[in-house]
Amino acid sequence: MAVMNAHEARMKRQLLVILLPSMLLLLAFVVYPAIYSVYLSFTNEALTGAGALRPRFVGIRNYARLLNDAKFWNSLLVTFFFVVGSAIIGQFVLGLVAAMALGRSIKFGRIFSSMILLPNAAPEVVAGFMWISMLAGGDNATLSRIVAFFGISPSDWLNTFPLTMIIIVNTWRGIATAMILLMAGLSTIPKEIYEAARMDGATSTQMFRRITLPLMMPTILLYMLISAVSTIAVFGMVYALTRGGPGGATELVSIYIYNQSFTAYQLGYGAAVAVVVLLISVLIGIGYVKAMKVEV
Amino acid sequence: MAAISPVESANKAKGDLLAYATLSIISIFCAIPFFWVFLASLDGNAQLFLRWPDQWTLDNYLKIFVQEDGGKWLFNSLLIVGSTTALVMVLAGLGGYALSRTTAWWKLPFLYGILLIRVLPPTALVVPLYKILLSMNLAEAAVLRPIFGSSTRAIMKWTGFIDGYLGIILVLTAMQLPLALWIMKTFFDGLPRDYEEAALMDGATMVQRIRRVLVPLALPGLAAAGLFSFISAWGDFLLPLTFLSSPELQPLPLGLFRAYLRVNTVDYGFLAALAFIYLLPAVIAFGFARKFLVQTFAGGVKG
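So the sequence lines, in the order shown, correspond to chains A and B.
Quick note: the first sequence uses numbering that gives the first Met the number 0, first residue 0, plus one each step.
Quick note: the second sequence uses numbering that gives the first Met the number 0, first residue 0, plus one each step.
Rather than coming from a laboratory, the hints here were simulated on the basis of the structure.
Quick caveat, the model's predicted, so the values are computed rather than measured.
Using 27 Å as the maximum straight-line C-alpha spacing, the simulated DSS-like pairs for lysine-lysine come out as follows:
1) B:K13 to A:K106
2) A:K11 to B:K106
3) A:K106 to A:K190
4) A:K289 to B:K106
5) A:K190 to B:K13
6) B:K290 to A:K190
7) B:K156 to B:K71
Some chain B residues judged to face chain A by a derived CB distance under 7 Å, without partners named:
8) C29
9) V36
10) L90
11) G94
12) T101
13) Y111
14) L292
Computed footprint of chain A on chain B; a stretch qualifies when at least three of its residues, placed anywhere within it, have a C-beta under 8 Å from a C-beta of chain A:
15) 16-22
16) 163-173
17) 255-261
Even glycine gets a Cβ: it sits at the ideal position worked out from N, Cα and C.
Bound conformation, chain A alone (with noise of 0.2 Å):
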C-alpha cells in the first residue's frame, strides 16, 4: 500500500509539471498583463514625453477624464449597437434561420452550409478589404448595383451609414457561429414532440413558439453571452475597414483603446478604458461561466 502511494504521489506531481507550462504561459501573458493593467490605470505612462521617461502615480485622473470623454462614451454606445446589432439580432436570426432550413434534411445542405461557413475562416484584414470593395462608393459598386433592383438609389455606404454598414458587416462574419450552435441545439429536441404536436393540429407557428424556443432557451442564452463577449473583442476587421471613421461612427471601444494607446501614446489612459473593457467582459464571462456547469 505504501508503495502505491508513493507511486500515487509521483504521478500527482508529473501531472502538474507537464500542466506547468501552459499554466504560467497563462499566467506571464494573460493573467499579469489583466491585473497589470489595472495599475497601469492609475499612472501617466505614456510612450513618448514626460510619461515614458518618468511614470508617475495619478491616482483616479484616468477615471476622472475618462467620465467626461464624450469620444470614450461614443465608443461605449458604439460598441453596444454594434454587439446587439450583429450578434444578438442579425447573427442570431440568420443563424437561427440558416440552422431550422438546414435541418429540414434538403438537397444540397451541404453545400450551402460550406457557403455560410466560408465567411468565418476569412482573415480579419481579407473580410475588412473584401468589404471594402462590396460597399465602395458609385454607380458600378457590388452593393449600389444589388440595391438599385429594388429602386434604391447608390450611395456611398461607408460614409453614410457607416455603423450600420460594420453592424451588417460582422453579421456575415458570424453567421456560422450561430447556425452551427443552434443546429446542435435544435438536434437534441426529440422529434416525437413535433410528431404529437402537429396531431393535435398545431400550426407551424404554434410549434415554434411553444416547442422550438422554449427547449432551445438554454442553448440560445449560451449563444448570447459567448458571441456577446467575441463581439466586444472584435478589433481587425473593423479597423481594415474604416478604423474608426467616418468621424469615430465606427470606432468601437477596441479601437479606442487601440488608438489612445498607440496613436496617441497615452497608455496609462489606454489602460483605464481596458479595464473598463475588462470588467464588462468578465461580469458576461461570470454568467458564461456559471451557464456552463463545468464536468469534472
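Guided by the hints, dock chain B onto chain A, whose structure is given.
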C-alpha cells in the same frame, strides 16, 4: 408513413421551397465577397467592384513574389503561425492530459479560470502586454549587447519580445491556449484509461506512456486543437500590428493592410491576389476543421 395526406405533402413542399429560398439568399450574401476577390485577382484591369474580367492574367500573383516582398510576408506568416500551432499542440496536449487525469484540488479552479480567461478581449490586454514585453525586451538587450555588440539586433530579430519572432509567437500561443486546453481536456475525458493502465502495469515511465500510448490516441484531439489555433492565429491582426514594426518581420496581414494604405498606387488586382493567397490556407484548414466544429462550438456549450 404511407398515409400522408395531400394537404400535408403540399405543406412540406411549401416549407422546402421556403427553406431553399432563404438558404440561397443567405449563401449568396456569404459568398459574394469571395467571388470578387477571386475574380479581381485574375483580372488584368481589376476594379473595386465585382465584374467579369475581360483579360485573364496571372500577373497579379507574379507581382506579389517578383516585384513585392510577398514571399517574405508569406514566410513570416508561416513561421510565426506554424511555430505557434506546434507550441500550442505540445502544451495543450500535455496540459489537457493533466487536466483530465488529475484529482488535485486545483483542477476545478483552473478549469473555471481558463473559461474566464477566454472572455478577456485581447484588445484590452494589448496595452499592459506591450509594457511587459517592452521591459523584457530591454532586459534581454541589456544582457546581449555587452556580449554580441553590434550583431545584437540580428539575434533579437529571432529572440526579441518586441519586433522579434519569439515575442509574437509566445503571445499568440498564450491567446490560443485556453480553447486548446479545453478541447484536449474534453478529448482525454472521453478516452478510456485502460490503455494507460496497461502501460503503467508494464512499468512504462511517464515519457514512454506519452510517446507510445497517448500521442497516437490523442491525434484526433490534437488535430482539432491545432487546426483551431492555426485558423485563429493566422487570421489575427491586432497582435502583429502591435508587436511587429520592422518590414522584414511583417507577416501577410500587415503586408496586405499596408499595401492597401499606399494611397498613391492602389492596385486592386495585386491586393486581391495577395488577399487570396492569405485567404487560402485559412479556408483549407477550415475545411479540415469542419468536422470538429460542432464538437468545439457545442462542446464549449456542454463542457
